[in-house]
Each structure stands twice: as structure tokens, then as C-alpha cells.
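These are the residues of each chain, in order.
There are 4 protein chains.
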Amino acid sequence: MRETIVRRIKDLDLKNPILIEGLPGVGHVGKLVAEHLIEELEAEKIIEIYSPHLPPQVIVLDDGTVKQVRNEIYAYHGKDRDLLLVVGDYQSATNEGHYELTGVFLDLCEEFGVERIYTLGGYGTGQFVDKPKVLGAANSLELVEEMKEFGVVFQENEPGGGIVGVSGLLVGLGRLRDIDAVCLMGTTSGYLVDPKSAQEVLRVLSKALDIEVGMQALEDRAKEMERIVGKLQEMEKAQMPFETSGEEDLRYIG
Amino acid sequence: MRETIVRRIKDLDLKNPILIEGLPGVGHVGKLVAEHLIEELEAEKIIEIYSPHLPPQVIVLDDGTVKQVRNEIYAYHGKDRDLLLVVGDYQSATNEGHYELTGVFLDLCEEFGVERIYTLGGYGTGQFVDKPKVLGAANSLELVEEMKEFGVVFQENEPGGGIVGVSGLLVGLGRLRDIDAVCLMGTTSGYLVDPKSAQEVLRVLSKALDIEVGMQALEDRAKEMERIVGKLQEMEKAQMPFETSGEEDLRYIG
Amino acid sequence: MRETIVRRIKDLDLKNPILIEGLPGVGHVGKLVAEHLIEELEAEKIIEIYSPHLPPQVIVLDDGTVKQVRNEIYAYHGKDRDLLLVVGDYQSATNEGHYELTGVFLDLCEEFGVERIYTLGGYGTGQFVDKPKVLGAANSLELVEEMKEFGVVFQENEPGGGIVGVSGLLVGLGRLRDIDAVCLMGTTSGYLVDPKSAQEVLRVLSKALDIEVGMQALEDRAKEMERIVGKLQEMEKAQMPFETSGEEDLRYIG
Amino acid sequence: MRETIVRRIKDLDLKNPILIEGLPGVGHVGKLVAEHLIEELEAEKIIEIYSPHLPPQVIVLDDGTVKQVRNEIYAYHGKDRDLLLVVGDYQSATNEGHYELTGVFLDLCEEFGVERIYTLGGYGTGQFVDKPKVLGAANSLELVEEMKEFGVVFQENEPGGGIVGVSGLLVGLGRLRDIDAVCLMGTTSGYLVDPKSAQEVLRVLSKALDIEVGMQALEDRAKEMERIVGKLQEMEKAQMPFETSGEEDLRYIG
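Residue numbers (the working numbering), protein chains in the order written: chain A, 701 to 954; chain B, 701 to 954; chain C, 701 to 954; chain D, 701 to 954.
Since the hints were made in silico from the structure, they are not lab data. One should not assume that every hint holds.
No copy is singled out in the list; a pair is fine if it fits within one copy or between any two copies.
[To be verified] BS3-like mimics (lysine-lysine), calculated; alpha carbons at most 27 Å apart, straight line: (1) K833 with K767; (2) K848 with K767; (3) K848 with K937.
Extracted from the complex, chain A is given alone in its bound form (with noise of 0.2 Å):
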């Protein structure tokens, strides 16, 4: 196996789809909302991704059984247009493999004619964010006031260092196949998995697809995030009580 394999899983005629990309990144706020949708929308696999980018490994499930790394495409049929969404276990291990797999994503998003994409991910400020808010960066001005209307905010300079991997890529080829893209960033610690920031994600997200999301299940992972970092900032705080603030010195968990 030397190619990236397109493996597909059911075919489906599709209207009008357009693409949400959601790979584990920063926080795994990009993640927390696109499995989030899959599971509420009940989005059914269509096709499985395997590539020689990916990290040479299985994952073992719970019931002795093993998950090949890969990524996947799900699909949901919408009133007036479909969703298909991308998840995976992981981003590509090597810098030319994010090329190839934006590459594969961006072949089938003209061959199932998607003509907008949104990626998803999280913002490390390196701070516990209390109140996150969702940064954007898209491939066309048009889009960028869009998405402003959503509560998107685009902040100069931010982010400073660019949007790296899958979630930048999508919107930076997206363009040479004109396609309009969109990286929505929660903003998040970095340190912790962030449902929190997800569920704004979400938030903007699904206003911008004019759909109806329950967000019970994220707000349990939330609040059982804040008990996590409640405790951890406890312990930090009883060890070095005059040291740090506690703030800063969490290892990333989740």
C-alpha cells in the first residue's frame, strides 16, 4: 500500500452538499463538534480513507477488535441540501500528506459538487478561556462578511503564526477549485480537550447552516471538563501556593 486509498462505503446521489471538516487539531474542538453532529444528525459512513500519511497503528476498540487509522466521510440528508462531514483518528503524520489528503477531500468535494466547505478547529491562546469565542478565516471576502453576521469574528493578525494542516488547507486550495471556504476557530486553552469552546462552534456553525443542533451531550462533556480542570487547578494550587497561578502549568488531557 503506497497510495492513499478512497475506500467507499455506500453511494449516494446528493443535493447541493456542502462539506464540514472536523480533524482532531488544537483542543479537538474541530473533532468534539463534527462527531458531535454525526451523532445528532445520525449521519451515515460513506467512505473510509486510508493513506501511508497516516501513523502506521490500529487503534484497539473495547471489544478486542481493532480500527484501522483512517479517515472518514459522513453524510446527512438535509431538508434543502446535505452535509458531509470528515472526521478521522488522526491528521496526516507527514507535511506532504496533509497536501495529498486536502488533495483527496478537495477531489471529492467537486465530485459530489460541494460549493462551500467549513473546517473546524480551536485557537490555543495558551490561557483558560472563559468565555470562547469563535475567530474565522475564509478564501473570499464575501465570505468573511458572511460569516461576520454569524458572530464570526475576524481579528487582524490572528491567527499570527496562519491555520496549519487539513483546516487551513481546505481553505487555501479550496480556492484554486473555486470552492468558498471557511476555518472557524473556538478559542481554547490548548491544554485541555474543549467541549466548551465546541459548543460555540457549534453555535455559529449551526446558524450559519440554518439547522437545529441539540447540544445536550457537548454541555455534559463541558461541565464535566470544568470538574477536571476545578480539581486540577486545585492540586496545582495546593502544591505551589505561591508559585504560578495554576493557570498555566496544565499538561493537555482530556
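Use these hints to put chains B, C and D onto chain A, whose structure you have.
Okay, now just chains B, C and D, sitting in the frame of chain A:
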């Protein structure tokens, strides 16, 4: 040489062959088992595999000649079914190479009509293991159930980090080619070559294969290794009597 | 997208074009000169180059839109001859990519009939440079002699480590295609973006090209940078009065 | 330029040629011998090899011109048989590149009818070596025996780590093409360029080739290096009289 080369040493008709992979890995458990089987069963080499993904290296043998680093496949004619054994000096040095070499092995499986694969390895626990267990991960639920009967342990979330390398990929990608595959992992410290763990894996494997294999050579190596470990622990205690139990600080030797 | 893409923005007839390369590098000297030339000469973009060897990234612009990381070629119509200017956000992230992108540039040189290449860069000395010099390295002895007349310094064993990246390869591999090429390197500390060094390179280059270019913008940036350096040096002295002269410990900023 | 380029400088008929490889490596022993042979025998360059697996770099020569990093093959017309000498600025910067360049060299061997290869290198002992030996590793038992007659030492388990790079691969992969090959390694500290070790290798090699080669140039370099080593050892002793013998702490210079 820019491509992986499959060099046929001998042409053979094989009946219902099962593939067993024992390339180097944690505690060299898989390698010990596969090489022991080759010796005990007097299997013969039928294929050599050279690849630019293996380290660019030759090994110098005792007689002054060299051996190009490679993977090898041996064949054994059993009563009801034949065995194919994959061994080698190294696994791939690159991520992509793991995929490529797994692809080569699976191509050969299809060519020879292999319907089941056993991949063998060690599962590093970070502590010396008195009574090694054999953990498993399979690519079908039926296989999980079948393996439990031979004493294989399927434990939730173990291995938590998944299975990396050819041992994992043969199981994961084997599924895509409709080949049943299971990875058997002997628990081991991860610090030393572990013939004792290899014995446990061999015990389970020979039950599963319904063959009888002498254990003496592995037994002898296990005893020798125990002596070495004992000495190392004494040395550790002598050097730092109050600091550690001496059990977790040994380097990887063997 | 697994291959480098050459995207033509505009078709142009070019007369006797000279190629000038100013991709990012030490002190961003080459980049400053090339971008300054594009602005002053009002050169127009004719080609965009996208490659999986560039970082997998988009840059977020001030208006909220993104720019896919790329290399670009601008054209300027001169009286007697035209100029092609190569600029970009990054150089290749891989060794092989440097060769590939250099190959792409040289293919375009052959297509446009380019007979001479100037590559521009900085030469890091590790110390603040009061009066930058312009060091050279060319791919023919005649070109070495010609460049000496414009004040380019050819110094034995400088740069001792050779010239790495596209600036070096265009000169080295250009020879194999019978294209004269010279690398002009402004001496610079290597710690900061250095518009003063860029001015020196531009002075030499405009003599060699026999064109006149306004220097004001570079002049202004040089003055601003001098103020920053002055402040940094003061801060250094204030913090560690007895330890260092403060001249060798500045981080790379700009 | 995405492929390795073999550039023919001169077409020659060769009779029974032997290939000698002396690319940079431990103590630059192989490089010193091969370059010495080229000079003494007045061999002429017939091939240049450029590759994206070599560092993306040019070397700046004393006259201000550059030399694209490459490997080169020189030819020498002997009485009974000709010699091909492989030298270069660098070995491959990637694992795969070692395989690719070895493949290129072996293709040329087949084209020119080469039936024997000598690869030359150093074997780092980590300590200053008063009387260098020449260790060997060959790809046939006959060749081992033949080489012993010329004073080559074949020592069990040496080199323990195998032979890495082109010097190893030519011997290992040469076997697959039915070309006899032996690697000759002069023992050397591994810290310094070692012309004394090179002399020993040359002595053995010229016996094996049955040619006479002046040694003066290597002799001179060896004496110069001895002076440098002597001074370094004095400096070491002066600086840390009680700590070390000064023999194991020298940096790699030459």
C-alpha cells in the same frame, strides 16, 4: 534501487497456508517466537524482501561475510496446512515504509491464498513481569472469541496506544482484504529481550495452530536471561541501596 | 495534490529576461530586496507555484481572508530587457523540495529564455555589521570578474559552509543548463531582519542591472530597525551589565 | 529536478574495470584514499551524479565559483585492467537516498562489466589508534580468504553495528547482482581526519590491485595531522591536568 524488491528463492505449492509475522519489536518477543519456530520446524526460506525503507545497512556475520538488511519469509509444510513465517533484521525505518511492506506481505498472502494471519509481539509494561500474559487484538469478533479459548486475554483499553508497525497494520489492513488476523502480544518489561514472554506466546500459538513445538531452546535462553537480570538487580542494589528497587532502571539489553 | 503546481496568472512575451530570486533566508535580505523591487518597479504577478514541499499552511491576511503558502513570479518590462522576480512566503520544508522547486524555476528559465540569474541572500556573521558588504559566488569565472566591477566581494572560503537552499541550487544547477548565475549575499548578523544589508545588495544589483530604483522604503525600514536594535542593546546592558556586550545575544526578530 | 541525474562527461571503453568507492565517512579514510589514488594515477573524470538526496547545497571554491554538491566517477587505464573511482562531497542525506545512489552505482557497474568492488572507509574505535589495522567484510567467503592474504583482518562481531551507507550497501546489494565486493575499513579514532589510517588502507588496496602508488602526499598529511594531534593533547593536558588523559575528548576536525 528505489522500489521494494521481492526476491523469490524457491517456488512452492502451499496448502491453506497461515502467515505468522515475528519482526523485531518490544522485547523481541515476536522475533524470538518466529525464529524459534523456523528452527524447530526446519522451515525453509522461500522469499527475501529488500527495501529502501529498511535501514541502509549490512550486518557483518561471524565468518567475515555480510548480510544485506532484509525481511525474509520461510515456509513449513504441515500435515493439514502450511505455515509462512515472516522474520527480519529490522522493521521499516519510515512510517510510509510500514504501509508499503505490509502491502507487500498482504499481496503475498493473496497470492498464496492465506486466510489467517498471526502477528506476534511484546507489550511493554515498564515493570518486570513474573508471569507473562498473552494479550490479543483481532480484526473480527469471531476471532476474538476463538482466541479467548486458547488463553488469549482481551483487555479493555489495552494496548492503550494502539499497535504500531507491521504487527498492527497486518491486522488492520488485512480486514480490507478479507483476511482474518490477530495480534498476540506477550507482556514484558520492555527493557530486555524476553524469551520467557516468548514462551507464553508460543504456548498459545501452538495451541491455536494445533502443532507441537519443542520449547527447550527458548527455555534455555529464558534461564540465561534470568541469571543476567538477577545480576543486574544485584548491581543496582549495590550501587544505590536506598534509592530504587532496582526494577525499573535497567537499560535495554539482550 | 501530490505534485508541485505551476499556475499561470498572465501570459506575457518577455524579452531577454533576467531572473532575480529573493526567497526568505538569513536576515530576510533577499526577500527585502526582491519585494522592494516588485513594489518600486510595479512588477506584475504572472505565476503562482504551489507545492507539497512548502509548509502545509495558510497565512491569514488583515481582511480576514487567507493566502495559501506559495512562491510567486513577478514580471517587469524594462527598456532593453525584462526582469522576472521570484518571491514567496517560505522556501521548501524538505531537502528534496529545494531540488524540485529549483528544477521548476530552471524549467521556467528555459521556457522564457533566461540567460542570467541573480539569487539574493544574507550571509550571517554572528555579529552586528556596521557596514554590510556584498559577498558573491558565481557559476563561471567570467561572471566572478564581471561582478567584482560592481563591488561584489569574492573571499576565499566564504561562505565556508557553502550556500544552502534555492539561492545555492539555482547557481549550481543553473550551470548544467548553461545559464549564468551569481548569488549576492549581504553580510548581516543573522539575528534580525536586515534592511540595511538589503540596501547594499540592492545598490550592487541595480548597478549590475543598469536600472535606477528608489531606496526610500528600505532606508525607512533600516532606520526603524536601527532604533529597535538600539533599544534592545540598552535593555541588554541594563539587565546584565557585567556579563556581555549585549551584541551577540539578540533573538531573531523583525 | 526530482530524479537522480547521471551526467556523462566522457565516453570510454573500459577493460575489466574494478570499482573503488571512497565517499566521505568516518575519519574521511575512504575519501582520502580514493582522492589520493585519483591524483597519483591521474585518473580522469567520466561521470557526475546529481541527486535530490544529496544536501541542497553548493560549495564555494577559492576562485569565487561554486560547485554543485555531487558524486563523481573517475577512470584510470591500467595495464591489465581499468579502475573506476567513486568520490564525492557528501553521501545521501536520506536513508532512501543511500539505496537509490547505490542502485545507480551498481547499474553503472553492470554497464561497464565491473566484477569486483572495493569500498573504503574508517572504523571508529573511539580512541587514538597508534597502529591502524584494516578490517574487512566481504560478500563471499572466497573473497574473505583472498583478502586475508593481503593483511585484511576479519574479526568476529566487528563492526558490531554493521556497515551503514553506500560502503555497506554496495557490498550487500552487490551480491544480488553477482558482483564480488569487499569493504576495507581502516581503524581510526573517529574524531579526526586520519591520513595515517588511510595509508594502511592504501597499502592493502594496492597489494590487492597489484599496482604501485606513491604515498608521499598521504605521508605528509599524516605528519601534519600528528603535529596537530600532539598540540591538541598538550592543550588538553594543560587545561585539565588531573581529569583526563586528553585522549578521548578531541572534537572532530581535519
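Going through the hints against the structure:
1. K833 with K767: between (35 Å within a copy, 23 Å between copies)
2. K848 with K767: between (40 Å within a copy, 19 Å between copies)
3. K848 with K937: neither (40 Å within a copy, 47 Å between copies)
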